[in-house]
Structure formats: structure tokens, C-alpha cells
Amino acid sequence: MWQAIKSVLAAFLGVQKDARRREDFASNRPGTFIAAGLLVGLVFVLLVAFVAVLAAR
Amino acid sequence: MRTLLAWIAGGLTSVVLTPVALADGWNMPVGVTAISRDIYSLHMIIFWICVVIGVIVFGAMFYSLFRYRHSRGAKAATFHEHTSVEVIWTAIPLLILVGMAVPATATLKNMYDTSEADLDIMVTGQQWRWRYEYLGEDVAFTSNLGTPREQINGTGEKGEYYLLEVDEPLVLPVGQKVRLLLTSDDVIHSWWVPDLAVKQDAIPGFVNENWVRIEEPGIYRGQCTELCGKDHAFMPVVVEAVKPERFDEWLAERKEAAAQEASSADREWAMDELMERGQQVYGSLCASCHQEDGQGIGNFPALAGNEAMLDDVDWHIDRVVNGVSGTAMASFRNTLSAVEIAAVVTYERNAWGNESGDSVQPSEIAERLADQGE
Amino acid sequence: MSHHDEQATNRDGVRRTVTRTLVVLAGMFAFAFALVPLYDVFCEVTGLNGKTSNTAQMLVHEEVDTSRMVTVQFITRASAGLPWELDVETRQVRVHPGQSNEVSFTFRNRGGEASHAKAVPSVSPSEASVHLRKLSCFCFQEQRLAGGERLEAPLVFQLTRDLPADIKTVTLVYTLYPVQPAQAAVSPRGPIEEGDSA
Amino acid sequence: MASHLPPKPTPQHSTATAGGMAEAGHARPRGLMRWLLTTNHKEIGSLYLIFSLTMFFIGGIFALVVRAELFQPGLQLVRPEFFNQMTTMHGLIMVFGAIMPAFVGLANWMVPLQIGAPDMALPRLNNFSFWLLPVAFALLLSTLLMPGGGPNFGWTFYAPLSTTYAPPSTTFFILSLHIAGISSILGAINIIATILNLRAPGMRMMDMPLFVWTWLITAFLLIAVMPVLAGVITMMLMDINFGTSFFNAAGGGDPVLFQHLFWFFGHPEVYIMILPAFGIVSAIIPTFSRKRLFGYASMVYATAAIALLSFLVWAHHMFVVGLPLVAELFFMYTTMLIAVPTGVKIFNWVATMFRGSISFEPPMLFALAFVVQFTVGGFSGLMLAISPADFQYHDTYFVVAHFHYVLVPGALFAILAGAYYWLPKWTGHYPNLRLSQWHFWLSVIGVNLTFFPMHFSGLAGMPRRIPDYALQFADFNLAASMGAFLFGASQLLFVLVIIKCVRGGEKAPAKAWEGAEDLEWSVPSPAPLHTFETPPDFHPHQH
Numbered sequence: 001m002w003q004a005i006k007s008v009l010a011a012f013l014g015v016q017k018d019a020r021r022r023e024d025f026a027s028n029r030p031g032t033f034i035a036a037g038l039l040v041g042l043v044f045v046l047l048v049a050f051v052a053v054l055a056a057r
Numbered sequence: 001m002r003t004l005l006a007w008i009a010g011g012l013t014s015v016v017l018t019p020v021a022l023a024d025g026w027n028m029p030v031g032v033t034a035i036s037r038d039i040y041s042l043h044m045i046i047f048w049i050c051v052v053i054g055v056i057v058f059g060a061m062f063y064s065l066f067r068y069r070h071s072r073g074a075k076a077a078t079f080h081e082h083t084s085v086e087v088i089w090t091a092i093p094l095l096i097l098v099g100m101a102v103p104a105t106a107t108l109k110n111m112y113d114t115s116e117a118d119l120d121i122m123v124t125g126q127q128w129r130w131r132y133e134y135l136g137e138d139v140a141f142t143s144n145l146g147t148p149r150e151q152i153n154g155t156g157e158k159g160e161y162y163l164l165e166v167d168e169p170l171v172l173p174v175g176q177k178v179r180l181l182l183t184s185d186d187v188i189h190s191w192w193v194p195d196l197a198v199k200q201d202a203i204p205g206f207v208n209e210n211w212v213r214i215e216e217p218g219i220y221r222g223q224c225t226e227l228c229g230k231d232h233a234f235m236p237v238v239v240e241a242v243k244p245e246r247f248d249e250w251l252a253e254r255k256e257a258a259a260q261e262a263s264s265a266d267r268e269w270a271m272d273e274l275m276e277r278g279q280q281v282y283g284s285l286c287a288s289c290h291q292e293d294g295q296g297i298g299n300f301p302a303l304a305g306n307e308a309m310l311d312d313v314d315w316h317i318d319r320v321v322n323g324v325s326g327t328a329m330a331s332f333r334n335t336l337s338a339v340e341i342a343a344v345v346t347y348e349r350n351a352w353g354n355e356s357g358d359s360v361q362p363s364e365i366a367e368r369l370a371d372q373g374e
Numbered sequence: 001m002s003h004h005d006e007q008a009t010n011r012d013g014v015r016r017t018v019t020r021t022l023v024v025l026a027g028m029f030a031f032a033f034a035l036v037p038l039y040d041v042f043c044e045v046t047g048l049n050g051k052t053s054n055t056a057q058m059l060v061h062e063e064v065d066t067s068r069m070v071t072v073q074f075i076t077r078a079s080a081g082l083p084w085e086l087d088v089e090t091r092q093v094r095v096h097p098g099q100s101n102e103v104s105f106t107f108r109n110r111g112g113e114a115s116h117a118k119a120v121p122s123v124s125p126s127e128a129s130v131h132l133r134k135l136s137c138f139c140f141q142e143q144r145l146a147g148g149e150r151l152e153a154p155l156v157f158q159l160t161r162d163l164p165a166d167i168k169t170v171t172l173v174y175t176l177y178p179v180q181p182a183q184a185a186v187s188p189r190g191p192i193e194e195g196d197s198a
Numbered sequence: 001m002a003s004h005l006p007p008k009p010t011p012q013h014s015t016a017t018a019g020g021m022a023e024a025g026h027a028r029p030r031g032l033m034r035w036l037l038t039t040n041h042k043e044i045g046s047l048y049l050i051f052s053l054t055m056f057f058i059g060g061i062f063a064l065v066v067r068a069e070l071f072q073p074g075l076q077l078v079r080p081e082f083f084n085q086m087t088t089m090h091g092l093i094m095v096f097g098a099i100m101p102a103f104v105g106l107a108n109w110m111v112p113l114q115i116g117a118p119d120m121a122l123p124r125l126n127n128f129s130f131w132l133l134p135v136a137f138a139l140l141l142s143t144l145l146m147p148g149g150g151p152n153f154g155w156t157f158y159a160p161l162s163t164t165y166a167p168p169s170t171t172f173f174i175l176s177l178h179i180a181g182i183s184s185i186l187g188a189i190n191i192i193a194t195i196l197n198l199r200a201p202g203m204r205m206m207d208m209p210l211f212v213w214t215w216l217i218t219a220f221l222l223i224a225v226m227p228v229l230a231g232v233i234t235m236m237l238m239d240i241n242f243g244t245s246f247f248n249a250a251g252g253g254d255p256v257l258f259q260h261l262f263w264f265f266g267h268p269e270v271y272i273m274i275l276p277a278f279g280i281v282s283a284i285i286p287t288f289s290r291k292r293l294f295g296y297a298s299m300v301y302a303t304a305a306i307a308l309l310s311f312l313v314w315a316h317h318m319f320v321v322g323l324p325l326v327a328e329l330f331f332m333y334t335t336m337l338i339a340v341p342t343g344v345k346i347f348n349w350v351a352t353m354f355r356g357s358i359s360f361e362p363p364m365l366f367a368l369a370f371v372v373q374f375t376v377g378g379f380s381g382l383m384l385a386i387s388p389a390d391f392q393y394h395d396t397y398f399v400v401a402h403f404h405y406v407l408v409p410g411a412l413f414a415i416l417a418g419a420y421y422w423l424p425k426w427t428g429h430y431p432n433l434r435l436s437q438w439h440f441w442l443s444v445i446g447v448n449l450t451f452f453p454m455h456f457s458g459l460a461g462m463p464r465r466i467p468d469y470a471l472q473f474a475d476f477n478l479a480a481s482m483g484a485f486l487f488g489a490s491q492l493l494f495v496l497v498i499i500k501c502v503r504g505g506e507k508a509p510a511k512a513w514e515g516a517e518d519l520e521w522s523v524p525s526p527a528p529l530h531t532f533e534t535p536p537d538f539h540p541h542q543h
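Protein chains in written order, with this note's numbering: chain X, 1 to 57; chain F, 1 to 374; chain G, 1 to 198; chain A, 1 to 543.
Please keep in mind that the hints were generated in silico from the structure rather than gathered at the bench.
Treat each hint with caution, since some may be false.
Quick list of in silico lysine-lysine cross-link-like pairs, DSSO-like style, CA-CA up to 27 Å [to be verified]:
#: 1; chain 1: F; residue 1: Lys255; chain 2: G; residue 2: Lys134
#: 2; chain 1: G; residue 1: Lys168; chain 2: G; residue 2: Lys134
#: 3; chain 1: A; residue 1: Lys500; chain 2: A; residue 2: Lys8
#: 4; chain 1: G; residue 1: Lys168; chain 2: F; residue 2: Lys177
#: 5; chain 1: F; residue 1: Lys75; chain 2: A; residue 2: Lys500
Partial chain F-side listing against chain A, Cβ under 7 Å, derived [said to hold, decoys possible]:
#: 6; residue: Gly25
#: 7; residue: Ser41
#: 8; residue: Leu42
#: 9; residue: Leu65
#: 10; residue: Leu94
#: 11; residue: Ser284
Which residues of chain F face chain A? A few of them, derived with a C-beta cut under 8 Å, are [unchecked claim]:
#: 12; residue: Val52
#: 13; residue: Phe58
#: 14; residue: His80
#: 15; residue: Leu95
#: 16; residue: Leu97
#: 17; residue: Gly99
#: 18; residue: Met100
#: 19; residue: Ala101
#: 20; residue: Ala104
#: 21; residue: Gly154
#: 22; residue: Val187
#: 23; residue: Thr225
#: 24; residue: Leu227
#: 25; residue: Arg267
#: 26; residue: Trp269
#: 27; residue: Ala270
For glycine and all other residues, C-beta sits at the position ideal for the given N, C-alpha and C.
Turn these sequences into a full structure, and let the hints steer you where they fit.
Laid out in C-alpha cells, this is it:
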């Protein structure tokens, strides 16, 4: 799972190494990545929302 | 090769064009409020950031196009990945954006601080005019397009402020914090004056706030910026900023005039008086939909020969006073004086071949508007 | 794997993919409609858009914050197609957060016939709307007035103590809208359901 | 100029098999019925492309009506009522009738060829989803002839202008949008099913060409947001015809809710119109740089990131509707962040060209123009993201300039680039070089003359969607109108290029471009009606 989260984080920035990408796609289990994607997405939204609330003070 | 030269020429042109772009009338106005200046500087900072990034990226691109072209015998390299370079060009834009977000946040917070206003004004959008109410001052009026129809249709010479002039501007005192409360009677409009950097949607059933503190006396012009139907282009905003002393005088004059208008409802009005006044009111409020000749257009009904209207004067007055829900026909109960309502109804019943011969007296209307419920 | 088997696997795969996408599709369509009540809830929680609760709330017994005063402005508006007027006894009141206040509004039907109307509230700044508790309001249900009739109706409200300190003026706007009784019955958020809970 | 281009690859494959579409083994319906009933992905692809070209000209004529009226201040040619119908129809037709079907057409033609599939996964559905489109748009266009006129509330159809205050034809507008939406959804399902299940043995996801990748992500976006659009217009329909009050303040509804729902669909929709363009350009630039795409994996990931972020930025279209401060900040931050993965893409294209071996055939010219002009649109997008500044930009011609830069010299140029790139594969002939170059240069001049001055008129204060304007905007509008007519006229050259290319011209070999690598170049040119009936040998080499 941690591996998947790291890959999703890389995806958010849009930078990924060829080798790592090969590993990811070797596993061929999209479920983990979808879960990691939703998780990181949620964390991302909360993070930006938190910054916005903080900044609005 | 010619291709390349053309590309380079294109690049150079844009460099030459840049200063032109900063010339007056080509760029965002600096404006006359602290907020408008802040926004202008944000605009220029982000513009120059874009220019610098553009020069670097396009520079690298055109260099590659020129230096590594096939016709010059270039042999392609085989690299196709470089993680650290990729991380760098992801991180740097990220940092620039964070740097940009900081001043933008500060300006935005300032724009949202509507507290402690010296004057509150209710701005109501209507198809297709603005209505201004000075809250607590009993002063209210509508502001209609001042440009004559002939200029729009091309039969008259266009004036300097073509489409940016109104019959009655919003008068505001300089140096005071004015809070604007915006809403609408029908569809969504948006109230915008570039020099004041105020743009806010006026939404039916909801109220929005914005504020302005004008620093210099002057006349500032803007327009409605949200598509609101056929005359969206013809509902300008004009703000006249005056010294506070002059503003107080103006308020007093307005109140005086309103009182006179109200008392003039008591006397008997002659037919020609009513017709003359009615034509004036009709021209500024009604003609844009029902047309100058009363023939209507599209969904807007003709008034000339309108039997429902001519047969029943009460029905006619009711339409003008209360309007029709869900259409552009607004309620003029609070917008027009008794004299104006009487005059415009009389005019509509006797113009363009309508020959009812009725004249509606202002006193009748005043009575109708006054408390009959008790 | 023979060519034939492979096609069979493909067919199964396609069937599976199509089923899944159809499920997502149905889910998203339902989600679009779910967004309507979600938006209302979100608005009520965050005060987005200056909406206020359309049911009566309980008075929160809390100590009145006498250290500050907040100006509450009232604006009344009528809309087209309705021969009614709505007036308020006072244009603005100065209140302490925590205190409960009553303001009287007057409805008048200036027309000759009975008609129905509803006053729709909006609060500005929108951040204040979560801190405005209405204990009783004419805006919870539609009104019916006979021709020439007049009605006085109270608004009882409280600004909660946790109203942000930078809000010093709260503007409450009521816009009167005509209601067709028949139309109200099918409205997804019309007066019917609100009447139940009020 | 032609002499500077490298010689075309010599035919290695025999072009004898290039009998084209006519020769099929079994009896097929002829004439009209053949096209009505076809389930072949290449024929359906062609139908989509022809349909989209037709719509492009109809929408273009509407745009020219708008530009003609705006040629000078004053009302000369049309009444404001009709002007509003023209701007609305122009937007709707270009978005739903021209750009989207063009990408679907390219996907129909190229996705099976690029992944080594014999056809789309659901051929009959494919036929159905195409034929929904002419129905939808015939209905939409017919509203112009109805009493009260066609839709006149802008392509964003904000309530209550589009509900309480709309012309009677709005119900038909909603119906036609429903049909077009169903067509897009079915097309998207088909594309997903094809890509996920019909790849050549040995081709893994990360071996797929970027056009396939971007389309896969686009199709998921379509599946996610088209139902939301369907929901919104259903609510409108109910408000108009069944007395509900979703968006009507009088009944307790909220006009701003409409905008939230619309842009929750609308912003991903914007990316639906640009992601496949990224895919096309990512195929063309490596081909004519004779070098592998730089950062393939990053490109895929960046596309996914853009798609995800597109769900979190919708309210940047609504900065002046009176959002609370926190919401303004949130949407400003997310919008600024979307610039990062977009920037990554542009940097990668430039890095692909760096130390390549570059030649300037017509597809490359259009792709290069795409990169430059799309970036210009990206810059103005970044400026618009700054919420305080957006209070000045919003709903002015600056916004018009921005989204046209992204969609016309952006998405449309990518479609044209794709057409020039694959025309040899479709027809077996190279497009006429000289005409193509004329088409390119006139288009570049026309498009920039049209849209660049709009930045200035917007900054100077000209609102969008107005039929008449104040005198200080006259010069900008004059230039824009002249550019629009030049651009419109030069597209006739494109039609000429296509007709000439279909009828003859220099014969193209299977691998029509020297640097081209993907699977479509392994089948003969023109591609026979049936390809890859036995799956090809795929060797994952390049990516």
C-alpha cells in the first residue's frame, strides 16, 4: 500500500521514473491504486482546504 | 528554413508587441481605489512571470527547432528520461505559484472586508437597468441607458461615451467606505466598474456584498457583465464620485425633488402634460422592450392596439404597478412616482393610434398606492 | 491459448467493463441529484450563499455578550406579479450576540383578490447566516392574504455568541415571491415539507 | 520550402493490398444503407470526422455572423435577440458537435489500430452512438426556426435566464443535449471496453501510445461528468415544465446551485476537449523529432493528475457570484496547482525536441503551433486563476481570448495536426504539401489576428456576449473580425486538401513518416477495411 501511495503522489506531481512505473504496472492490481488514489485525493482536498481556512483567518 | 525565419519573426513581434500591450487603453486600468491598484499589481506580476516563463520555454523550443533540424543533418539523441530535471521543473513552478498565492490571498481578504461602511447602497439589477437605493436616506432611482436609440441603429452620430452613459448616475462620496448590497429582480446580472475593481453578480433572491472607497472625484463607467437577455449590452453602470460636501448637497436636492414630485400628484394634470411626461418615462423605461412605436418585439407584447389593456384601465395600471412574475415586466410600485405612473399609463392609452381618450390622474394612482387596506 | 479462447476471454472482459461503467454511470446520475440536498446541507453548515435554515430553531441559552454590539439591518423587497407590500417596523436594530430579539413585519395585500406569497430570506455576509438563529419567522411558511388584508408577523432571532468578531453588520433581506398553491405542492423544496417541520 | 523536407520513406510494403474500403469479402449493403448500418470502426470514424467537419463549418458560420455584427460599433446586421442565439449556438455546436465528435472520430479510427485490435469492442453500439449525433444536432438547429427562436442564454445556459426567462424551444434544446450526451457516454463506454480488453497480446497499459492513454482518461471523465450534465438539464426540464424549483429562488431554489452543478460538469468537460489533443501532439512531436517522447511515464501520470484536479477547480468559473472567502481561496489554490502538471507536459514536449532531428512536415507545423498557442492560453489561464484579478477579468473578452486560445489554436490545431498525420493512413496518399502549408500559415495568422486582440479588449473593459460595444473597443474588434473571416476562409483550403488527398496524390507507404513507431504504421496505407484480425506481434520496445 505504501508503495501505491508513493506512486500516486508521484502521479499528482506528474513525475515518475520508468523503473518504478514498470514495478507498478507489473502488479496489475488496479484496486490498490484506486484506493490509494482516493485516499491521497481526499488528503489533498483536506490539506488545501486547511490551508485556505488558515489563510482566511 | 523559411519556416524557421517565420517562427523567429513571430517571436520577435510578440516581444515588440509587449510594450504596446502595456499602453493605455490596452491594459487593465490602474483604477482609483486601493483595491484596484492591488489587483493591477497582481495582474502585472503574474503577467511578467508568464512573460519570463514564456521566453525561457519558447526560447528553448525555438533553439531546438533551429539547432537540431533534420535538414541540417542533426542526428537524434536517445535519452528520454531524466528524473532530477523533471523534479526541478515541477518544483520551480510550484514555488512560483506559492509566491504568487501569498499577495493574492492578502488582497482577497481585503476585498472581502465589508465591515464599518459609512454608506450602504442597495443595487438591484433589472432587465435592463440598474436601480439604486441609498439605505436609510429615502433616496432611490433607476439608472437607464442614456444613449439615444438613433446612435445604436446608426442613424445618428455616436457620442464619446456611446453605450457608457446613463440618465442618472450613481453618485458616491469620495473617501468614504461604501458598501454595495447587490440583488436582482429577474435574471442574474453583474455590476462592474473597471476603475473601481468592483464586479459582483446580482442574483435574484440572494444578496451579495462588495465595497468601494473611491479616492478621486470623477466619473467612472462600466457595464453589466453577465448575460441577462437581449439588452445585456445596454445596461451600463456610471458612478459619479464627488466630494462629501457635494454629496450631502446632492442628497438634499434629491429629497427635495422627490417631495415636490409627490406633492405634485395632488393637483389636476392636463392631458398634454401627462402625455409629455409619459412619453419621457416610456422612452427611458418601456421602449427597449415594447419599442418606441408600441409594436412590441419577440416575446414582448405590442401595446398599440392591445385590447386587454385598452378595455380595462385597472388591469393596465395593475400591470405597471405590480409587474408580471417570471417575465421582464418589472414592478414599478417603488420605482416610479405616482405622477410618472399616471403619465406613462395615460401615454400608452393614447399613443400610436390608441385612442381611448382616458387620462389617468396622478391623484388616483397615489390613492391606489396608499393604504387602502386599512 | 487458442484464438477462439482468446476471443471468449475478450468477450467476458468487455461484458465486465461495460457492466462496471454502467454502474458508475448510474451512480453519477444519482449523485447529480444527490448534490441538490447535499448543497443545501453544505450551505446550512457553512453559510455558503447566505441561506438560512428554513425551520424554526431552538433558543440557545448562552450568556449575552455585552462587550460588543452588532447592527442587524432589515431590507424588504417585493417582486413582480404580486400586489403586496412588506414593511418592517425598524430599518435596523443594534443587538448583543446571545440576546434574543423580536422585530415586527407587516404584510399588505393591495390587490382586490386573495393571493399567496412567501418571503424568501437571504443573509449577508453569508458567513453570518450560520450564526443567525431564527426562533420564529414568517418566512417558514407561505402567507395567504385576502384582498386589502393586512397582517403583522414577528421575526424572533438570536445571533449566537460565536459570531466572528469581524462581522459588525448583518443584513437580512426578505424578498416576497408570489406562490401558486398548485405549484407549491410539487416543489421539491416547497412550503409543504417546510410547513411540516416548522 | 518543400525541398527542405526530408524525402518520404520509400514503400517497403507492397501497396497492392491497398484496395481500400470497397473490397470486402462478403456482400455488404451499398449506398446509403452501407453507411447507415456500418459497424466498422474505420467507417464510423470517418462518419464522425465528416460530421464534425460539417458542424465545424455550421458553428463557424454562426461565429462569423457574430464577428460581422461586431465588425464596428452599432447594430447593423442582426438584432440582439438573434445575436444571442448565434453566440449560444456557436458555443454549443463547437463544443458538443465539432470538437468532441472530432476526437471520438479519431479515437474510432486510431485506437483499434494503435492497440492492434480488429475493431471496437462494441461495434453495433458504435453505429448507434454515431447516428444519435445527427439527430441531436438536427433537433438543436431546428430550434432556430421555432417561435421565440432558439436557445439565447449562452452555452453555459445559466438559470434563471435558461428556465423562467427562456424561449419555448428550450425543452427541445434540453432534449437534443440529452441525446448528444447519451451518444458521448456510449462512445466513452466503447472506448474504455476496447482499450481495456482488446489490446494486442503483450501490450501492457504502459506500452500504449499516449493518444490511447489520454483517450482512456478522457473516457473516464466523460463517464463521470456526462451524467451530471444529464442531471442538470433534467432539473431544468422539471423547473420549466413541472413547476419544481431547483433553480428558482421564488420556490426556495437557488440559481447559484445551477452554476455549481454546471461547472462540476463543465470543468472536466474542458479537459475532455484538451486531453486527446495532448495525446495527438505526443505522437507527432516524437515522430518528426525522430526521438522517443521524453518522460512517457510522467506524461501519463500528469494526464491522470490533470483529470483528477479537474474535479476540484470548478468554482473558479464563479469567483464573482459571492462565494465565501474560504471557498475563493480553496478554488484559487487548486486552480493554480493545475498549472504544474500542465507545465510538465509542455516541458516534456520541448525536451523531446531538444537534441532531436527535426523536420517540419504539415502535422509537425500544426503540432508546434499547438504547443506555442496552447501555452499562451495556459498563461492567460494562470492569470485568471488569481481570484482577486479575476474580479477584473471575469466575463470579459479576456476570458473569451483565453478559452479560444485553448480550444482553437489549441484543441482544433491538434485535431488538424492529427488529420494531417493520419491522412496518409486513411487515404493512402500524402496531403498536398503546398496547399497544406498555405492552410497552416493562413490559419496561424487568422487565428492569432482573431483572438490575440481579444486579450486587450477584455483588459480594457469589454464584457463578453454583447452585440454592440463602446467606441474604445472598435479597433480590437475590427482586427478580430478580419482575422475571423481569414481563418474561416482558410479552412476551405483544408476541405480542398482532404478532397484532393482522397482522390489521389503522392502514394504513401505503410510507414508514412520516417520516425513513426506505433502499430498503426504496420498496416498498409490506406488501411484496409479489416485490420489485425489476427493479433499482431507486439514487442514492447520504445516506451
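Here is how each hint holds up against the structure:
Restraint check for Lys255 of chain F and Lys134 of chain G: the C-alpha separation of about 36 Å exceeds 27 Å, so the hint is violated. Proposed proximity of Lys168 of chain G and Lys134 of chain G is supported: the alpha carbons are some 19 Å apart, at most 27 Å. For the suggested pair Lys500 of chain A and Lys8 of chain A, the alpha carbons sit about 19 Å apart, so the restraint of at most 27 Å is met. Between Lys168 of chain G and Lys177 of chain F the alpha-carbon distance is near 14 Å, which keeps this suggested pair within the 27 Å criterion.
At roughly 34 Å between alpha-carbon atoms, Lys75 of chain F and Lys500 of chain A are farther apart than 27 Å, so this suggested pair is violated. Of the supplied interface hints, the one on Gly25 of chain F holds, with its beta-carbon coming within about 6 Å of a beta-carbon of chain A, less than 7 Å. Of the supplied interface hints, the one on Ser41 of chain F is violated, with its beta-carbon coming no nearer than about 10 Å to a beta-carbon of chain A, more than 7 Å. For the restraint placing Leu42 of chain F at the interface with chain A, the shortest Cβ-Cβ distance is roughly 5 Å, inside the 7 Å limit, so the hint holds.
A hinted interface residue such as Leu65 of chain F counts as satisfied when its beta carbon comes closer than 7 Å to some beta carbon of chain A; here the least separation is about 6 Å, so the hint holds. At its closest, the beta carbon of Leu94 of chain F sits 6 Å from a beta carbon of chain A; the interface hint therefore holds under the 7 Å criterion. The restraint placing Ser284 of chain F at the interface with chain A is violated, with a minimum CB-CB distance near 18 Å, outside the 7 Å limit. Hint status for Val52 of chain F relative to chain A: violated, with the closest Cβ pair at about 11 Å, above 8 Å.
Annotation: interface hint on Phe58 of chain F holds; nearest CB of chain A at approximately 6 Å, less than 8 Å. The beta carbon of His80 of chain F comes within 4 Å of a beta carbon in chain A, closer than 8 Å, and the hint placing it at the interface holds. For Leu95 of chain F, the shortest C-beta to C-beta distance to chain A is roughly 10 Å, which exceeds 8 Å, and the interface hint is violated. Against a cut-off of 8 Å between C-beta atoms, the interface hint on Leu97 of chain F holds, since the closest Cβ of chain A lies about 5 Å away.
Look at Gly99 of chain F: its Cβ only gets to about 11 Å from chain A, farther than 8 Å, so that hint breaks. Hint on Met100 of chain F holds. Least Cβ distance to chain A is approximately 7 Å, under the 8 Å limit. Against a cut-off of 8 Å between C-beta atoms, the interface hint on Ala101 of chain F holds, since the closest Cβ of chain A lies about 6 Å away. The criterion of a C-beta within 8 Å of any C-beta in chain A is met by Ala104 of chain F, whose closest approach is roughly 5 Å, and the hint holds.
At a threshold of 8 Å, the smallest CB-CB gap from Gly154 of chain F to chain A is about 5 Å, leaving the interface hint in force. Interface hint status for Val187 of chain F: upheld, as the beta-carbon distance to the closest one in chain A is roughly 4 Å, under 8 Å. Annotation: Thr225 of chain F was flagged as interfacial toward chain A, and the flag holds, the nearest CB pair being 4 Å apart, inside 8 Å. For Leu227 of chain F, the interface hint holds, the least distance from its beta-carbon to any beta-carbon of chain A being 5 Å, beneath 8 Å.
Interface restraint check for Arg267 of chain F: the shortest CB-CB distance to chain A comes to about 39 Å, outside 8 Å, so the restraint is violated. At its closest, the beta carbon of Trp269 of chain F sits 35 Å from a beta carbon of chain A; the interface hint therefore is violated under the 8 Å criterion. Interface hint status for Ala270 of chain F: violated, as the beta-carbon distance to the closest one in chain A is roughly 37 Å, over 8 Å.
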